[in-house]
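This is what each chain is made of:
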Amino acid sequence: MCGIAGIIHRDGPSDMGVEITKMLQSMKHRGPDSTGYALYSEPDDLVAIRFMLAEPREYGGFGIDERLERNRAEVESRLAKIGADLATIHSDTGYAFRATVRYDGDLKPLADYLEDVPGCEVLSLGSSLEIVKDLGDANTVMEQYSLDRIRGTHAIGHVRMATESDVDLASAHPYWAYPFADVAVVHNGQLTNYHQWRRRLERSGHRFQSECDSEVIAVYLAEKLEEGSDLETAMKCSLDDFDGVFTYLVATSSELGVAKDEMAAKPLVLFESDDLVVMASEEMAISALVGREVETRDPLEREVLTWQV
Amino acid sequence: MAGLTKSSVVYDARGLVEPDPEPPMTAEIDGDRAVIDATDLTTRKINLELRRIVYDEGVDDVTILNPGSKHSLGVGILKRCHITFEGSPGWYACGLIDGPEVQINGRVGWSLAENMMSGSVVVEGPAGSLTGAALRGGDLVIKGNVGARTGIDQKGGTIIVTGSAGINTAFMMQRGRQIVCGDVGNGLGDSMYDGLIYVGGDIASLGVDCVPGEMDDADHEFINRKFEIYGLGTPPDLKKFECGKVLHNYDALEPSERKLVL
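Top to bottom, those sequences are chains A and B.
Take the first sequence: its position 70, counted from the start at 1, is 1084 in our numbering, and no numbers get skipped.
Take the second sequence: its position 81, counted from the start at 1, is 83 in our numbering, and no numbers get skipped.
No wet-lab data here; the hints were simulated from the structure.
Source: prediction; values computed, not measured.
Please note: incorrect hints may appear among the correct ones.
[Unchecked claim] Label pairs and their calculated CB-CB ranges:
1) ASP185/B / THR1206/A: 39 to 47 Å
2) ARG35/B / GLY1258/A: 47 to 55 Å
3) GLY139/B / THR1206/A: 33 to 41 Å
4) GLY1026/A / GLU216/B: 36 to 44 Å
5) THR1206/A / VAL213/B: 25 to 33 Å
Virtual Cβ for every residue (Gly too), placed ideally from N, Cα, C.
Given only the sequences and the hints, what does the whole structure look like? Please build it.
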């Protein structure tokens, strides 16, 4: 069991960090292991890179400070070598970093070059998207990363109850659809043909950072987008290609979509008004945000919905 | 084992620590009616207060304000009484009840009235999936659409849906009746053992061993009576479906065997 949530503010940026935290915290019972956010703001001239250099469990271990310092210097050096002009870099935790760069080259070589640094995983890349994820509930992660200061236009989030992979940052959602800028996925469910699709996508040159079945959705969508498909078509194809029970949300800088499997075994409720679209695994997350009784609906089996932001 | 003491810490459905599982004593009681404002109460506190009012205070008309989509509200009440929710409960509302007449002025989440034994639950809005799962008796009326697997493993009672229903409606139904006024998704009555299903709209597909039946006077009389009781107006034209008795055929069993399995 996991919980997913999404928000679109049609009336401009809002306190997105606080709002989606309210929703995710209300669904803590669906997954206390880790919490993750894909937060979208107005596109910026700078490319934001969220990356980690170690798992939280490694932090505090023998020699970790020196290793992190060495690897952080290596990341900065590689950014310079590939032509990414570093504007800012900081870490809220010591192991997860946020950098902004001036860079107009291909994102894939940049991501690959950085991930070649020992322990480095790029969590997100883009001019609009920032993925933040860590162990613990939503309030803990919001406080840790000062998300209450983040304003944005839309967001998706996830609370995780680990089932088939480890409780760590690599297995936490959301997943960035490497190497596509500003594409992120959160998922509730199990994909029973995960290994088959992972092998297929790896043969096509895609990389996987975790053993979590949800990552395959992000990589699958990335490949479809790379082939020229639009988001809605890619999501519809996924319903035919993936076996199992799942509901997932995907967001880009300009769209947010939801797909539900043919068994309709994983929940989602949806509220839509003129200025707001909110969706979550459970009604109580919508109540926590909106603060009043609203009319919701459950998307049906095999339903794919997308909204322009 | 010296030094170990039994922990008094308990958790509610949302994982919140509640070291003191006592009713909050916040309800306003006025004669034979009571009102609980659930705004700042957890699931456990709401249910403890409801049980205190119904069982200890003997009040049989309780209104719960601001349920806030919290889970498992109004479960396990085994006494005739009236419970009104002004707002929307979340998942697993009114499960395992035996006797109450429940009115929900809102929507509900998944697994409404699971294992209900008798009484009635009327919802003035839509309901999620698994509505009336393993229903054993009583009436469940949804004035809106419902999700997937409505009445899965239904063992008795009646489910009325004035809107449409999702896939696998009446999956493995064993007894009782379902009336869906709107459309239904794929796999209607899949693997059903017994029971009757009436559908007013389009059916995406029938499940294994679910076959069309002939509407007779008893069917019409039953449906009209239920619609009259719950003020649902004139029933639409309904098509009847029943078990084909190929997959599971309890008619072939001895009476003593039937009693064991049904």
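| field | Verdict for GLY139/B, THR1206/A (Cβ pair) under range 33 to 41 Å | value | holds, 37 Å
| Taking 25 to 33 Å as the hint, is the beta-carbon distance of THR1206/A and VAL213/B inside that range? | Distance hint for THR1206/A, VAL213/B holds at roughly 31 Å.
| request: Could you say whether the range 36 to 44 Å given as a hint is met by the Cβ separation of GLY1026/A and GLU216/B? | output: With a Cβ separation near 60 Å, GLY1026/A and GLU216/B fall outside 36 to 44 Å, so the hint is violated.
| request: Go ahead and decide if the range 39 to 47 Å is satisfied by the Cβ distance of ASP185/B to THR1206/A. | output: violated, 29 Å
| said: I want to verify a distance hint. Is the separation of the beta carbons of ARG35/B and GLY1258/A within 47 to 55 Å? | reply: Since the Cβ atoms of ARG35/B and GLY1258/A sit about 49 Å apart, the hinted range of 47 to 55 Å holds.
In summary, the structure is inconsistent with hints 1 and 4 from the numbered list given earlier, while agreeing with the others.
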